[in-house]
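Chains as they are written, first to last, in the numbering used here: chain E, 1 to 455; chain R, 1 to 112.
Source of the hints: derived by calculation from the structure; they are not laboratory data. Check before you lean on any hint, since a few could be wrong.
Claimed, not checked - Derived list of chain E stretches under chain R, where covered just means 3 residues or more per stretch with a C-beta under 8 Å from a C-beta of chain R:
1. 107 to 121
2. 308 to 320
3. 348 to 355
Every residue gets a Cβ at the ideal spot worked out from N, C-alpha and C, and that includes glycine.
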Amino acid sequence: MIRKILCAAGAVGAAFAATGAWAAETAQAVVPAVPAPAAAPVAAAAAAVANPGNNAWMMTSTLLVLLMIVPGLALFYGGLTRAKNMLSTMTQIGAVASLAMLVWVMWGYGLAFGPEGNEFISWGKFFLAGVTPDSTAATFTSEVISEYVFISFQMTFAAITVALVLGSVVERMKFSAVMVFALVWLTIVYFPVAHMVWEARGVFFKMGALDFAGGTVVHINAGVSALVAALILGKRRGYPSEPMAPHSLTMTMIGTGLLWVGWFGFNAGSALEANGSAGLAMINTFVATAAGGLFWMLTERVMGHKGSALGFCSGVVAGLVAVTPAAGNSGPFGAIVLGAVASVICFFFVSKVKPKLGYDDSLDAFGIHGVGGMIGALGTGIVYAPSLGGPGGADFSIGGQLVTQASAVGATIVIAAVGTVIAIYIAKAVTGLRVSPEVEVEGLDIGEHGERAYN
Amino acid sequence: MKFIIAIIKPFKLDEVREALSAIGVAGMTVSEVKGFGRQKGQTEIYRGAEYSTNMLPKVKLEIAASDAMAAQVVETIQQTASTDSIGDGKIFVLDLASTTRIRTGESGDNAL
């Protein structure tokens, strides 16, 4: 009986494979971007078949990025809030990430990686039209991976980026406003920027901007948007006079660990293959992060404080953020310097500069992701140089590359800022944006979700 | 009878309890309390945001002792709980009007 079923399944499978091959011939192979200005990606021949090894690594990487969001980022951010807002913070992250996944398969993938398009946006393949199990996406070599895997991998990037933005607006923004904001922001900011940086026709890609795993698309984009959103939304009640100490640095430490582990999918997965470039991204994701964690604590000591757990966690994230654009674009020792420099600058930014400026970026989404992302993006233009152990060619010029990196960073800042203003005001018009003072004092867990984290 | 209230550093509790048991103290009540004195409070720093807590955690011991025992109890607590630094705590001694054991109804020194 079982054998009969297996035989039948085999026959059906063979028939599917035949139709699939035909579909692959008609469907246009998708062309993702290369993180280096090297050869433009070669569109895979229609008959190309995904290598199971690469596919397996990319599926693993995709799940690692999901791990970064839930529970990684949810615990990291949640622990930093007050106990009365723990569930609200984690629920917002889970909900916007889920929304991003659905939007991605409806129109996000089409707007970022669609078959038609120009330098700023693409279109086509909406609702994944024409994608089959046999469709493939090009990598940076002659290999291909399954298009469904590529779509899933890129989907998790959209999901984590919008979740990162929420770090600046927790403890006071309405849940409904968060959802409306996420929907608009993904559509008018994230998808176009992802297209511009990562798609072969994109304007930053053509300029030769280096962004291995998303320092510009994910971190600068999220950080700047977070800053603008926090400025429009306003401070939490009582900030900065009332104490707002993190309620559980234990949770934050667990979240930090999950982010670090997940980040290997984010960085090494961005090679799109299980090859040497992924290996380089992996070692860099270890050492830059280690340098970031230690240098934050060292800076605390130099400034006369104690080396702290939150300092370690903050430095780890700053190091991870900074190495993201450089993951496969730097040698290990360039990555160490990058992680250390980003960590020290982020320390001064969040503990000295931010209090003077007076805005309430509650969990330092801009102070760490925005600032760390910019250092990483600019630093990548330096550590890429072969003289510093980077993988750049002999004719690589640091000065010229820095100009390119700075232009991509500057343009992303403008797009993120303008898009966030639009998205926040739409959310305000639809939902009112901010919870009532009673809900804010009582906590968003009870006020917005009807639950408490701890009973 | 005397009622002795001692405020000590939390990490000294086990040592003090053992020393008191050794001189024959048969029972005490222990609570975790907060307060301040010369030691003031602590400063916590989270990413540069400083919060000073003006209350410190301490342990409060309450011991009922016979007049004969009271001086020795006070001396034992003082010697065991001392670290020679501010914040070691204080010992208060009050006159105790009566003691009754709930189970038997005994009173006075017999109830201690």
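Okay, the hints, checked on the actual structure:
no.: 1; hint: 107 to 121; result: violated (count 0)
no.: 2; hint: 308 to 320; result: holds (count 4)
no.: 3; hint: 348 to 355; result: holds (count 5)
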